[in-house]
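Hey, can you work out the whole structure from these sequences and the hints?
Read top to bottom, the protein sequences are chains Y and P.
The first sequence begins at 5 in this note's numbering and counts up by one.
The second sequence begins at 186 in this note's numbering and counts up by one.
Treat the hints as calculated values from the structure; they're not laboratory data.
Treat the numbers as computed from the prediction; the structure is a model and nothing was measured.
You may find that some hints are simply not true.
Some chain P residues well away from chain Y (every beta-carbon gap over 12 Å; in silico) [said to hold, decoys possible]: (1) HIS247; (2) GLY313; (3) ARG359; (4) GLY722.
Below, in silico cross-link-like pairs of lysine-lysine (DSBU-like), each with a Cα-Cα straight-line distance of 30 Å or less [said to hold, decoys possible]: (5) Y:LYS223 <-> Y:LYS24; (6) Y:LYS139 <-> Y:LYS20; (7) Y:LYS223 <-> Y:LYS17; (8) P:LYS580 <-> P:LYS625; (9) Y:LYS220 <-> Y:LYS17; (10) Y:LYS20 <-> P:LYS625; (11) Y:LYS139 <-> P:LYS625; (12) Y:LYS139 <-> Y:LYS24; (13) Y:LYS20 <-> Y:LYS220; (14) Y:LYS192 <-> Y:LYS17; (15) Y:LYS24 <-> P:LYS625; (16) P:LYS625 <-> Y:LYS17.
Covered, in the sense of this in silico footprint (three residues per stretch, anywhere, with C-beta under 8 Å from a C-beta of chain P), are these stretches of chain Y [claimed, not checked]: (17) 92-104; (18) 109-121.
Ideal Cβ positions, reconstructed from N, Cα and C, are used throughout, including at glycine.
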Amino acid sequence: METAMAPVPPRPKDYKSDIKPIWCPGCGDFAVLSAITKALAFRELPREDVAMITGIGCSSRIAAYTGVYGFHGVHGRALALAAGLKAARPELTVLVAGGDGDGLSIGGNHFIHACRRNMDLTYVLMDNQVYGMTKGQASPTTAADWTRSKLTPHGTGIRPFQPAAMALTAGATFIARGFSGDPNGLAKILVEAIAHPGFSFVQVLSPCLTFRPEQKDWKNAVRSFADEETDDPVAAAARLQDDGALATGILYRDPRFPAYRSRTGGEARVADFEEAFAL
Amino acid sequence: MNATQPCDFSIAITGSGGAGAITAGELLLSLAGRNGCFGIMRRSFGPQIRGGEAASLVRLAHRPIECMNDRFDLLLALDWQNADRFADEIPLHADSVIIADPAMGAVPAVIRDLGTDLIELPMKSMAGEIEGGRPNMIALGVLAHWLGYCPDQAGELIEHTFGGKGEAIVSAARATFDRGFTEPLIVEARRARVGPGPCDAETAGERWDLSGNEGCGLGALRGGVRFAAAYPITPASDLLEWLAPRLEALGGELLQAEDELASINMVIGASFGGVPSLTATSGPGLALMTEAMGLAVAAEVPAVVVNVMRGGPSTGIPTKSEQVDLNLALHGLHGDAPHLVLGALDHADCVLVTEWGVRLAEALQTLVIVLTDQNLAQSRALIPRPAYDLPAIPKRRLPDSGTDYARYALTADGVSPMAIPGQAGACYVADGLEHTETGKPSTAAADHAAQLDKRRRKIEDFDYGELWADVRGDGDLALLTWGSTSTAVREAAERLRDGGRSVRVIALRLLLPARPARLAAALDGVQRVLVVEQSHGRQFWHYLRSQYTIDADMRGLARPGPLLITPGEIVAAVDDWSG
Numbered sequence: 005m006e007t008a009m010a011p012v013p014p015r016p017k018d019y020k021s022d023i024k025p026i027w028c029p030g031c032g033d034f035a036v037l038s039a040i041t042k043a044l045a046f047r048e049l050p051r052e053d054v055a056m057i058t059g060i061g062c063s064s065r066i067a068a069y070t071g072v073y074g075f076h077g078v079h080g081r082a083l084a085l086a087a088g089l090k091a092a093r094p095e096l097t098v099l100v101a102g103g104d105g106d107g108l109s110i111g112g113n114h115f116i117h118a119c120r121r122n123m124d125l126t127y128v129l130m131d132n133q134v135y136g137m138t139k140g141q142a143s144p145t146t147a148a149d150w151t152r153s154k155l156t157p158h159g160t161g162i163r164p165f166q167p168a169a170m171a172l173t174a175g176a177t178f179i180a181r182g183f184s185g186d187p188n189g190l191a192k193i194l195v196e197a198i199a200h201p202g203f204s205f206v207q208v209l210s211p212c213l214t215f216r217p218e219q220k221d222w223k224n225a226v227r228s229f230a231d232e233e234t235d236d237p238v239a240a241a242a243r244l245q246d247d248g249a250l251a252t253g254i255l256y257r258d259p260r261f262p263a264y265r266s267r268t269g270g271e272a273r274v275a276d277f278e279e280a281f282a283l
Numbered sequence: 186m187n188a189t190q191p192c193d194f195s196i197a198i199t200g201s202g203g204a205g206a207i208t209a210g211e212l213l214l215s216l217a218g219r220n221g222c223f224g225i226m227r228r229s230f231g232p233q234i235r236g237g238e239a240a241s242l243v244r245l246a247h248r249p250i251e252c253m254n255d256r257f258d259l260l261l262a263l264d265w266q267n268a269d270r271f272a273d274e275i276p277l278h279a280d281s282v283i284i285a286d287p288a289m290g291a292v293p294a295v296i297r298d299l300g301t302d303l304i305e306l307p308m309k310s311m312a313g314e315i316e317g318g319r320p321n322m323i324a325l326g327v328l329a330h331w332l333g334y335c336p337d338q339a340g341e342l343i344e345h346t347f348g349g350k351g352e353a354i355v356s357a358a359r360a361t362f363d364r365g366f367t368e369p370l371i372v373e374a375r376r377a378r379v380g381p382g383p384c385d386a387e388t389a390g391e392r393w394d395l396s397g398n399e400g401c402g403l404g405a406l407r408g409g410v411r412f413a414a415a416y417p418i419t420p421a422s423d424l425l426e427w428l429a430p431r432l433e434a435l436g437g438e439l440l441q442a443e444d445e446l447a448s449i450n451m452v453i454g455a456s457f458g459g460v461p462s463l464t465a466t467s468g469p470g471l472a473l474m475t476e477a478m479g480l481a482v483a484a485e486v487p488a489v490v491v492n493v494m495r496g497g498p499s500t501g502i503p504t505k506s507e508q509v510d511l512n513l514a515l516h517g518l519h520g521d522a523p524h525l526v527l528g529a530l531d532h533a534d535c536v537l538v539t540e541w542g543v544r545l546a547e548a549l550q551t552l553v554i555v556l557t558d559q560n561l562a563q564s565r566a567l568i569p570r571p572a573y574d575l576p577a578i579p580k581r582r583l584p585d586s587g588t589d590y591a592r593y594a595l596t597a598d599g600v601s602p603m604a605i606p607g608q609a610g611a612c613y614v615a616d617g618l619e620h621t622e623t624g625k626p627s628t629a630a631a632d633h634a635a636q637l638d639k640r641r642r643k644i645e646d647f648d649y650g651e652l653w654a655d656v657r658g659d660g661d662l663a664l665l666t667w668g669s670t671s672t673a674v675r676e677a678a679e680r681l682r683d684g685g686r687s688v689r690v691i692a693l694r695l696l697l698p699a700r701p702a703r704l705a706a707a708l709d710g711v712q713r714v715l716v717v718e719q720s721h722g723r724q725f726w727h728y729l730r731s732q733y734t735i736d737a738d739m740r741g742l743a744r745p746g747p748l749l750i751t752p753g754e755i756v757a758a759v760d761d762w763s764g
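So, in structure tokens, the structure goes:
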């Protein structure tokens, strides 16, 4: 991207790697990758100043497909790894991505604590309501009566999580929902999420046509939130109660809570501490 | 008084939790230091925060000492609550003295039956004569007199310790100390029993007052750690608490994690960002970290975990010491995951080994587990200022700019240049999936073999120098040990040598990778090996049998905690073997 002439604005493809995704044809995650690269290009972030941190699952493979620094770690812990990176290197733009199983089941504890820690991270949760990589088990966002998994042939019988509502009660200060069928709209949300100085949670409805072919119909059901974004958590919670979990847009943005700030500027020397041990 | 060591005196101060037995012990150790002594102080307590049992176990001497003695010469009991819980940790001898407050009830049978001398001293009512006076300061005055310490230095110490709490507290503490120091009953009694007097105070500045956890914290900072992740667990929490304000003062950062699964991943994330990083935990926490420790190995990210061992398994005996996480540290990782395991031998060694561990992790881009235990971590020692020379260890290898970058390049020494986010032209994805040289995920057999080979090569072929073990003495009998048990083994060896027997001590610092050639050389001419460890399951013994070939008769002295293995016990085992 370096040139002796006037700087050329980066293009989305500059943020893609040359590795071919393993995703199935029709997977929503292709569009999420595209939206992320569009948002990074729009913000003209130098590739080397961005890190994409992921866990394990189909969507977590996205780290390898971006052209920024990346970490493809263990299942469920991407948010914790990202918190360490951001604390140590606050000047970096740190994105975290993964699926509903990775983020809400095995990683559920990290999710709620990442929300309340309110570090300047952007978390993209690609929600297809199923474990795809392990071939079709129910996830924490799967409906109670979904009976297509061999593991739970009678359905889970338990209520699914509402990720946006969890984020709200756990203290996230930017909450949005996007749809892979609308990559431009998703890119606009991501531009705002990256700009937000605290923890930004973006739930993306990203169909799995292999194990949840009925999600093809999302494109007919998804609509925008009826109202503009709010900074009132009570109003945001009320909207989540009756949106059918398929409304998209920015739900909530609250600038009142300060983002986690890494402390910098200490100038002590280690030898200073050693003197305290001497008798 | 120990007849063979005239300047070697062991004291136990006991009381219910909150009675001030720990404070009195810490002040006594400090006072001993100001009076030119060496010493060690262990805290013994149960899991209760208040109202349980608490004891300061203090050993003072005129020469450097590293472990507790076999028995106690003096027991000062502020009260007798829960005495049965710690009685077996405070073995007395026929000439021991007990100082106790008669208002706190009769001496419990388990202690009275030892037939030791009793001095009844109404410490509570003596303290009550002074507004704000507390019995533990009476105790400190009594013990300072008993040991022949200078009261002026006690005044300075009290001012230093309580100065922040206001003048009233300081003067009350001082007056209470003086009351104990001048108590006629003690003055009279002491004529008959002289403890160690103050030794040469000129060398005071050359000695440190250091806990094992503080030593590890200092070693971490010396090694360059500027990020720590923390989840509280006994007995590692105070290491993390020591680091928190100091990292901030150095411009570093400490994050409190939601659990150990998070803390190890935070360490990996920060280290990926180029900042040397560490966390500290104990057995159960280490168990939770094992999955991500495998990630650090596979993705080749420097990461240091200080594991302070306690009684296990499960919650076990969380406030007491045992050498029982060796198996987990050595073998707990999934897959073929070469990494390093180091063990600290004594208080000063906590500084050395942790700094060494951080530097090795950075140089070799791998996981380093540093093992200490509650015995070292939560005891304080007056020791010569830690002095050591680390061999030259390269810093983290960075890529040259402007080249085709391959994060996991197959180099001759197995270490590949590691780009740091922010460096242009070197973006890569760190991956726990098996990968090619460039980091692209791969299931190919050749890639797996090549990466496994490189990750083993960089660790196996590295020259760890002379620090792999602490080897002392000569002779055809070797005491082979590791960790804090080394302190008792060394003292046992001194006693054996004093008795005219030559004995070799080999205490391993570098547990993984094993160094069979080094150990074979150190055992040259040895015909008998006594393996000493604090583990019911003989973890160290089995480690030695699986990793080394030892051409000598072997015996084991192994038993569980919480009672520490003592020098006398080791001497007895040698005597028994020698028949």
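Now for the hints, and whether the structure bears them out:
Non-interface call for P:HIS247 relative to chain Y: holds, since the shortest CB-CB distance, roughly 15 Å, exceeds 12 Å. Annotated as non-interface, P:GLY313 keeps its C-beta farther than 12 Å from every C-beta of chain Y; the closest such distance is 33 Å. Look at P:ARG359: its CB is around 21 Å from the nearest CB on chain Y, clear of 12 Å, so calling it non-interface holds up. No beta-carbon of chain Y comes within 12 Å of the beta-carbon of P:GLY722; the shortest separation is about 29 Å.
At roughly 26 Å between alpha-carbon atoms, Y:LYS223 and Y:LYS24 fall within 30 Å of each other, so this suggested pair holds. Restraint check for Y:LYS139 and Y:LYS20: the C-alpha separation of about 27 Å stays at or below 30 Å, so the hint holds. Taking the CA atoms of Y:LYS223 and Y:LYS17, the gap is near 26 Å; set against the 30 Å cutoff, the hint holds. As the CA atoms of P:LYS580 and P:LYS625 are separated by approximately 26 Å, the hinted pair is consistent with the 30 Å bound.
Taking the CA atoms of Y:LYS220 and Y:LYS17, the gap is near 27 Å; set against the 30 Å cutoff, the hint holds. Taking the CA atoms of Y:LYS20 and P:LYS625, the gap is about 14 Å. The hint holds against a cut of 30 Å. Of the supplied pair hints, the one linking Y:LYS139 and P:LYS625 holds, its CA atoms being roughly 23 Å apart against a limit of 30 Å. Distance hint between Y:LYS139 and Y:LYS24 is fulfilled; the C-alpha atoms sit about 21 Å from each other, no more than 30 Å.
Restraint check for Y:LYS20 and Y:LYS220: satisfied, since their Cα atoms lie roughly 26 Å apart, inside the 30 Å limit. This hinted pair checks out: Y:LYS192 and Y:LYS17 have alpha carbons roughly 17 Å apart, not beyond 30 Å. Between the alpha carbons of Y:LYS24 and P:LYS625 the distance comes to roughly 10 Å, so the proposed pair stays at or under 30 Å and holds. Restraint check: the Cα-Cα separation between P:LYS625 and Y:LYS17 comes to about 18 Å, which is no more than 30 Å; the hinted pair holds.
A count of 4 residues in the segment 92-104 of chain Y with a Cβ less than 8 Å from any Cβ of chain P is obtained; the coverage claim is therefore met, three being the minimum. Beta-carbon proximity to chain P at under 8 Å applies to 3 residues in the segment 109-121 of chain Y; the threshold of 3 is reached and the given coverage holds.
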